[in-house]
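Engineer: Sequence:
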Amino acid sequence: MKKTYEVDVDCANCAQKMEDAANTVEGVKKASVSFMTLKMKVEFEEGYEPENVMPEVLKACQKVESDCSIKL
1 MKKTYEVDVD
11 CANCAQKMED
21 AANTVEGVKK
31 ASVSFMTLKM
41 KVEFEEGYEP
51 ENVMPEVLKA
61 CQKVESDCSI
71 KL
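Per the numbering used here, the very first residue in the sequence shown carries number 1; after that it's consecutive.
Derived by calculation from the structure, the hints in this document are not laboratory data. Just so you know, not all the hints are guaranteed correct.
[As the list claims (entries may be wrong)] List of simulated lysine to any residue pairs, SDA-like, C-alpha gap at most 20 angstroms: (1) K63 x C11; (2) K17 x D67; (3) K39 x S66; (4) K17 x K59; (5) K39 x Q62; (6) K41 x V25.
[Unchecked claim] Simulated restraints on C-beta separations: (7) K39 x K63: 23 to 33 angstroms; (8) A12 x G47: 10 to 20 angstroms; (9) E46 x D67: 14 to 24 angstroms.
The C-beta atom is built at its ideal place from N, Cα and C for all residues, glycine as well.
Kindly generate the complete structure, drawing on both the sequences and the hints.
Structural biologist: Given below as structure tokens:
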């Protein structure tokens, strides 16, 4: 079963910066923000475990938006 992770994006101005930051993390295939729902979905490269990559995505996003959180 494929896990989906979403990062809450509560600042429209920060959304693009958070998306850019997440896309620099090793193991992230694609991170994209839906401006309609203010959520970022993260897809992973083959061979990478989401549970190992998401803490790094959170760190990268928190550099832009310090109070972001991850929901499963």
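Engineer: Kindly indicate which numbered hints from before are broken by the structure, ordering the numbers from low to high.
Structural biologist: Hints 7, 8, 9 are the ones this structure does not satisfy, whereas the remaining hints hold.
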